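Peer 1: Spelled out from the first residue to the last, the chains are:
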Amino acid sequence: MNDPGELPSGDGAGYYRRMQAAVEELLILKGVVTADDVDRQVEAMAGRDYTRGAKMVARAWVDPAYQARVLADGSAAAAELGLEIGPLRLIVVANTPEVHNVIVCTLCSCYPRMLLGIPPEWYKSRAYRSRVVREPRAVLAEFGTRLPEHIRIRVHDSTADMRYMVLPMRPAGTAGWSEERLASLVTRDALIGVAQLPETV
Amino acid sequence: MRSHHDLGGLPAGRVERDEHEYAQWEQRVDALMMLLSHKDRQLLRVDELRRNIEALGAEAYDRMSYYERWMHAIVQVLIQRGVITIDELGRKMAEGVQDGNR
Amino acid sequence: MGTADAIAPRFRAGDRVRVRAAYPPGHLRTPYYCRGRVGVVERLCGAFANPEELAYNRSGLPAQPLYRVRFRTADLWPDYAENREDVVEIEIYQHWLEQVA
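Chains as they are written, first to last, in my numbering: chain A, 1 to 201; chain B, 1001 to 1102; chain C, 2001 to 2101.
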């Protein structure tokens, strides 16, 4: 017997997951993509994270000529290290003793994904996007980052075709360290600008 | 008039320092977006996705999660471009396709 | 010099520019908070297809020069309480910018 109360829900948890599965199936049937294409793309993205940016930072710290190239053309500098970044147009901005950089996309969540992978959830949040252009120090304080009074902040709003990464300052006490060891000091949050690396290690 | 997604400078609460482990289906939405926008296929542009997300309306925009908004937008663009039809999508969803864990 | 595919740049680094105080509907990449504000061109990024058109699957050509424009944060928010030297730098397409003396 037909019981209207048992009709399947067109709603609720899992609706978009079901939509994803259905769309993927349709596109495979139509020969637009293969399941393999999707698997490989998932893997490729999972393989991108902040350690790729950390490599660039470490090289820039040990090689001033490379640092100059990083700041002049971030994409070319990434390619130099064999980091595959597709069409990403990267601008790297350097922290100095006077200037601290912070990255945001107030309009959505633009991030140098092809270099650093998927951004953290908080980077996409309403609170981060709306407040960091308005009260950057208050937001940084929520990340446990307190900047000295005299420091100027540059907030970069990724509104169009460029993507950004911060070049943090090299901690003192690292003379003679290998690039690998230097890279291990770099954090994702320091590349976004909500955190600093220690002044000294 | 300020569009709902155009958030810069608006008052908001604390930044919840969420670190979200993305579910398989969410990673596959991300993958689909990359594949469809790739120059070899050019079946959608990121700008079309953004336009569709921005058109969601305030309540839906706030309620939906990041990848729910993207999934919604991908479908809108594919329908707008005639790559899939609403009818075939509805039928496929009703079939109860296997989870995207391939 | 403009071509069929790209509009000629009008501005250079150091130029003072104002963001037009226009409020059209549609897909825009010029954030609301900088409209009507004056800043300084930090650099020309290149010329890119107009996202307002790309959003409708049109070509967006001829490409628009895209600039990074630096605004004093204190000029964006009347009650800005942090460092008066702080800046916000935003990528803005040429058709949104006007010359300022």
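Rather than coming from a laboratory, the hints here were simulated on the basis of the structure.
These figures come from a predicted structure and were not determined experimentally.
By construction, the Cβ of each residue, glycine as well, lies at the ideal position given by its N, Cα and C atoms.
Be a bit skeptical, because a hint or two may be false.
From the derived model, a few chain B residues whose C-beta atoms are all more than 12 Å from chain C [to be verified]:
hint : residue
1    : G1008
2    : H1020
3    : M1033
4    : L1035
5    : I1053
6    : S1065
7    : E1068
8    : Q1080
One side of the interface only, derived from the structure: several residues of chain A facing chain B at Cβ under 10 Å [unchecked claim]:
hint : residue
9    : Y16
10   : A22
11   : V33
12   : V42
13   : A44
14   : G82
15   : G86
16   : L88
17   : R89
18   : T106
19   : E121
20   : R134
21   : R137
22   : V139
23   : F143
24   : R146
Peer 1: Could you run down the list of hints and mark each one as holding or not?
Peer 2: Hints, verified against the model:
no.: 1; hint: G1008; result: violated, 4 Å
no.: 2; hint: H1020; result: holds, 25 Å
no.: 3; hint: M1033; result: holds, 15 Å
no.: 4; hint: L1035; result: holds, 17 Å
no.: 5; hint: I1053; result: violated, 10 Å
no.: 6; hint: S1065; result: holds, 21 Å
no.: 7; hint: E1068; result: holds, 20 Å
no.: 8; hint: Q1080; result: violated, 8 Å
no.: 9; hint: Y16; result: holds, 4 Å
no.: 10; hint: A22; result: holds, 4 Å
no.: 11; hint: V33; result: holds, 5 Å
no.: 12; hint: V42; result: holds, 5 Å
no.: 13; hint: A44; result: holds, 8 Å
no.: 14; hint: G82; result: violated, 21 Å
no.: 15; hint: G86; result: holds, 9 Å
no.: 16; hint: L88; result: violated, 12 Å
no.: 17; hint: R89; result: violated, 13 Å
no.: 18; hint: T106; result: holds, 4 Å
no.: 19; hint: E121; result: holds, 4 Å
no.: 20; hint: R134; result: holds, 5 Å
no.: 21; hint: R137; result: violated, 13 Å
no.: 22; hint: V139; result: holds, 6 Å
no.: 23; hint: F143; result: holds, 7 Å
no.: 24; hint: R146; result: violated, 15 Å
Going down the numbered hints, you'll see the structure goes against 1, 5, 8, 14, 16, 17, 21, 24, while the others check out.
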